[in-house]
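Each protein sequence line maps, in turn, to chains R and S. Quick note, in the numbering used here, the first sequence goes up one by one and the last residue is 525. Quick note, in the numbering used here, the second sequence goes up one by one and the last residue is 114.
Mixed in with the good hints there might be a few duds.
Once the Cα atoms are required to be at most 27 angstroms apart in a straight line, the calculated DSS-like pairs of lysine-lysine come out as [claimed, not checked]:
1) R:388 / S:60
2) R:311 / S:49
3) S:60 / S:43
4) S:79 / R:397
Worth flagging that the hints you see were computed from the coordinates, not collected in a lab.
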Amino acid sequence: MNADLIIQNAPALLLAIPMLGAFTTPLIGKAGAAVRNLWVLLVMAATAVVAFLLAGEVLTAGTVIYTFGASAPGLTLPLDSGGIPIRIIFTVDAMSAFMAVFASIVGFAVMLYSITSQSRNSGQDGYYALLQLLMVGILGMVTTGDMFNFFVFLEINSLAGAALVAYRVDRGVAVEAGLKYAILSTLGGLLVLFAIALLYGQYDALNIAMIASRMQFSFLDKIALVMLFIALAMKSGAVPMHFWTPDAYSMAPSSITAILVVASQASLYGVFRIAFTLYGLTLDYATIGWIIIILGVLSMFVGVTMAIPQKDVKRLMAYHAVSQTGYMLLGVGVGLAVLGSPELMEQYGQVAMEGGIFHIINHAMYKGLLFLTAGAIFYQTGTRNLNKLGGLGHSMKLTMIFFIIGALAIAGIPPFNGFASKLMIYESVFLFNPILAIIAMVVSILTLASFVKVFHSIFMGPRLPEYGEVREVPLPMLVGMGILALLVVLFGVFPQQVVDILITPATTALIDQGGYIASVLGGAS
Amino acid sequence: MISSITLETGTGFWSPVLWIVAFVIALIIAYIIWALGESSYRKDTRQVKPYLSGNPEPAKGDVHVRAGNLYWGFTEALKGYYSRVVPLHTGILNDYVLWFLAVMALVLVIVGVV
Chain R
1 MNADLIIQNA PALLLAIPML GAFTTPLIGK AGAAVRNLWV LLVMAATAVV AFLLAGEVLT
61 AGTVIYTFGA SAPGLTLPLD SGGIPIRIIF TVDAMSAFMA VFASIVGFAV MLYSITSQSR
121 NSGQDGYYAL LQLLMVGILG MVTTGDMFNF FVFLEINSLA GAALVAYRVD RGVAVEAGLK
181 YAILSTLGGL LVLFAIALLY GQYDALNIAM IASRMQFSFL DKIALVMLFI ALAMKSGAVP
241 MHFWTPDAYS MAPSSITAIL VVASQASLYG VFRIAFTLYG LTLDYATIGW IIIILGVLSM
301 FVGVTMAIPQ KDVKRLMAYH AVSQTGYMLL GVGVGLAVLG SPELMEQYGQ VAMEGGIFHI
361 INHAMYKGLL FLTAGAIFYQ TGTRNLNKLG GLGHSMKLTM IFFIIGALAI AGIPPFNGFA
421 SKLMIYESVF LFNPILAIIA MVVSILTLAS FVKVFHSIFM GPRLPEYGEV REVPLPMLVG
481 MGILALLVVL FGVFPQQVVD ILITPATTAL IDQGGYIASV LGGAS
Chain S
1 MISSITLETG TGFWSPVLWI VAFVIALIIA YIIWALGESS YRKDTRQVKP YLSGNPEPAK
61 GDVHVRAGNL YWGFTEALKG YYSRVVPLHT GILNDYVLWF LAVMALVLVI VGVV
């Protein structure tokens, strides 16, 4: 198979490889843990390579279209279909490629970390199979151009995620958290399905580009918009629908929590795709933009203030994940609120959106890193209780350094990546509404305060007798954390390159509804 | 050269590489000041033993300030806020679903009316 063939079929391979991995892992597991571990690592590495190849193709040649079942991937409109793209079509623009790239990077780091972190647990075949299925769900959500297909991948994402949250079945609370996640996700999924039915009933199409080209923003469309928007906002952990996040994030194994952050961001991608591409300028962008902004501000403030009194390190970090999602909602919400004004978009709207989208990838890196460091602490001490921890800086120096990098990044301290995206959000949002920018900065200060507490509680102080035997975690876990830490630093030191290569194309693609429609329908409307 | 390592933020700019250079220079100056200071310090001698006005040193576990003791003042000052927000996090699934449906209903009214 030559490189051109791989690139031509990259959208299908991006899902086929982890899906093949998921279904063969239990079988290969019969040959032994070492063989299975090598297999799952190869699968995730191959998935990441395909994601990079696909992103390279999108960034050089434009949106990649892949029509399943057609004689050629670009044949979106069969001759006998009446001009409707009836087949499942993957539409990979720069925004989709951006999401696929960072999801696969985090996926690989998590897989590497899991090799050691899960080595003491039973049921690893199921763990790796579900983890790969979760990746299928995430990658499918961000690459598909079909609404029903989006729902299917959302369900795969939710079910695999819920099963992994409940992975430690010996603990009742883990099963309870998994059940909560499953029920809320199912309710959200049902609303998404109902909204898709409303759209299908009106426009005889499931393809996003086709529906977007026919969108009237009727009363039924408004109902569908609200159902899609709220269901996906709940899945992304926006306040006041965030209650499941501390439960699920704290009970899942830390490696899974890191990837659940990415799964939540796939839902956030869904919110943005629905608003900008499916509805675009037909919707009341100022109202919807302000709703997103309000959800963002609530998420930022409630998330961080709830984090401060927490005593369970993962529960604390889960609330911070909610808080950081608020920044993304704020940045992109401001962009949506001024979408109808080219002047304001140029002045600050696009930068606000770029800041919000840049924060998505930054958050996936540093929050993934922080959850992995929390997992490393739990792996060596057996507790997540901050009141019981202390003095680990003496024995876990590398983990401590990785934690410092992640903590400074999430608090928006230069020169790490969180600062770059937050600066873009502060400056652009300030022009839109200074109070919002001030709230965002206050939340950053509270975030720093919260992580100073965590750092002190875990790593500072004298070496405690109960942790006298604690040593640094094994190499695979360090490498998994190291990959993410390196990216946090690199993205922070060279932010302009990341913005130029990934963020600006992604933002431009998200705004360019006409380009998305034309890439599928060939200019027809 | 400088422009390629500078992030344009629309109304301002941010150059992390220059910031790091400045930070390293500041570290070097700090090191020089430290090196010019008292040189009689010796690690692993009696100098590093804590002196508590002649009292015996408590056990290591007793001197570490635990997480629960931090930010008490902050949460106390905001107890009006926390007394309302914390109880909302009941842990009960029915409440989660109600919040979800209530927000959806509210947004539906806003979008439908506007």
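Hints, one by one, checked against the model:
no. : hint         : verdict
1   : R:388 / S:60 : 13 angstroms, holds
2   : R:311 / S:49 : 31 angstroms, violated
3   : S:60 / S:43  : 19 angstroms, holds
4   : S:79 / R:397 : 36 angstroms, violated
Hints 2 and 4, counting from the list given before, are not met by this structure.
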